[in-house]
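Chemist: Construct the entire structure; sequences and hints are all you get.
Note that the protein sequences, when read in sequence, are chains H and A.
Counting in this note's numbering, the first sequence runs from 121 upward without gaps.
Counting in this note's numbering, the second sequence runs from 429 upward without gaps.
Simulated from the structure, these hints should not be mistaken for laboratory data.
These figures come from a predicted structure and were not determined experimentally.
There's no promise every hint is true.
[What the hints assert, rightly or not] In silico BS3-like links for lysine-lysine, alpha-carbon gap of 27 Å or less:
1) H:246 / A:460
2) H:249 / H:182
3) A:505 / A:495
4) H:339 / H:302
5) H:249 / A:464
6) A:464 / H:246
7) H:249 / A:460
[Claimed, not checked] Chain A stretches covered by chain H per the calculated footprint, using a threshold of three residues with CB under 8 Å from any CB of chain H:
8) 451-457
9) 468-474
By construction, the Cβ of each residue, glycine as well, lies at the ideal position given by its N, Cα and C atoms.
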Amino acid sequence: MDPLFQLLLRMGDNTLVLGHRVSEWCGHAPVLEEDIALANTALDLIGQTQMWLGLAGEMENKGRSADDIAFLRDIWDFRNLLLLELPNGDFGQTLMRQFLFDAWHSIQLGHLINSSDPRVAAIAEKAAKEVAYHVERSADTVVGLGDGTDESHARMQAALDYLWPYVGEMFQSDAADLALVKQGIAPNPASLRGDFDALTRRVLAQATLTIPQDNYAQKGGKTGARHTEHLGHILCQMQWLQRAYPGETW
Amino acid sequence: MKNEWPLWEIFIRGQHGMNHRHVGSLHALDAKMAIKNARDVYTRRNEGQSIWVVEANHISASSPGEKGPLFDPSNSKTYRHPTFFNIPDDVGSM
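Modeler: Set out below in structure tokens:
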């Protein structure tokens, strides 16, 4: 697979799958303000998906639209991080996942803004503004709940312990990544770890949470080698209408 | 309810507005969170340039029962309206 196409799928599938997960909170969040904020975040992510997968379809040149790529692929063609397809859990777990992803996402987009490919740079620039707000909001919520009541603290620590093994996948590099580094299109994923650790350590310390010692990393999402069983369930819900009524529109 | 977050009144200065206008209220734990929530609840459709928040219990309000004495006397005093002056265009907004 072309390395740039691979990058576009990875970026677009990340935002598609997380956008879908976050949208599951619509109408269910603990307070109205959080409900709307989460819906806004989900919509931002789906908007970014349209740009990434739209460009992927364009450069693939087989006539596939962003919708075709989103709704007509099966599990093994998805390239999102495993972290993002995990079920939401409670509100705290959802926000912890959001923060961990936002932290990586903001750093990644900060590099993609300087991509040698002007189309990638343009999408990154638009997305970076949205994500700067996402990370501010999710960090504040993680601090608020982590350094909150005994119960909220315990839930946030449990969320961090559960999600931490899914963090390492963000920084795994493969041949496609290295080819993109050479062309100046994208940063080496491994090189983002320092900034990520600095940001997460600062916020999680403020949240009085303890980062797990074990850095064992689950992997298989960004390569498509092995997704969790949860992705299939997401796709069932996300894709059934296009599968049952092909080409149906609003 | 004891566990409810404090209520905040939200003021937004719009795209072309000169002043902040009251748009509604919401709940938040502190001012910082109130501004974020206001951003998400009240500026989703690109309405805002600036946000002010104030905790609702810091607002003192006139009593509806005193409406008569407070406002009725100004009812019939048309001479208080400065409609008899021509304001030059280059004065701008007043």
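Chemist: Does the structure keep residue 249 of chain H and residue 460 of chain A at a Cα separation of 27 Å or less?
Modeler: holds, 19 Å
Chemist: When you check the alpha-carbon spacing of residue 464 of chain A and residue 246 of chain H, does it fall within 27 Å?
Modeler: holds, 20 Å
Chemist: For residue 505 of chain A and residue 495 of chain A, compute the direct alpha-carbon distance and say whether it is at most 27 Å.
Modeler: holds, 17 Å
Chemist: Residue 246 of chain H and residue 460 of chain A: Cα distance at most 27 Å?
Modeler: Between residue 246 of chain H and residue 460 of chain A the Cα gap is close to 25 Å, so the pair holds against 27 Å.
Chemist: Tell me if the straight-line CA distance from residue 339 of chain H to residue 302 of chain H falls inside 27 Å.
Modeler: Judged against 27 Å, a Cα distance of about 24 Å means the pair holds.
Chemist: Verify the proposed pairing of residue 249 of chain H with residue 464 of chain A, using a straight-line Cα cut of 27 Å.
Modeler: Between residue 249 of chain H and residue 464 of chain A the Cα gap is close to 15 Å, so the pair holds against 27 Å.
Chemist: Against the 27 Å threshold, does the CA-CA distance of residue 249 of chain H and residue 182 of chain H hold or violate the hint?
Modeler: Violated. Residue 249 of chain H to residue 182 of chain H sits at ~31 Å, over the 27 Å cutoff.
Chemist: Per the coverage rule (Cβ-Cβ under 8 Å, at least three residues), is the region 451-457 of chain A covered by chain H?
Modeler: holds (count 4)
Chemist: Using a Cβ cutoff of 8 Å, are there at least 3 residues of the region 468-474 of chain A near chain H, or does the coverage claim fail?
Modeler: holds (count 3)
Of the numbered hints stated above, the single one contradicted by the structure is hint 2.
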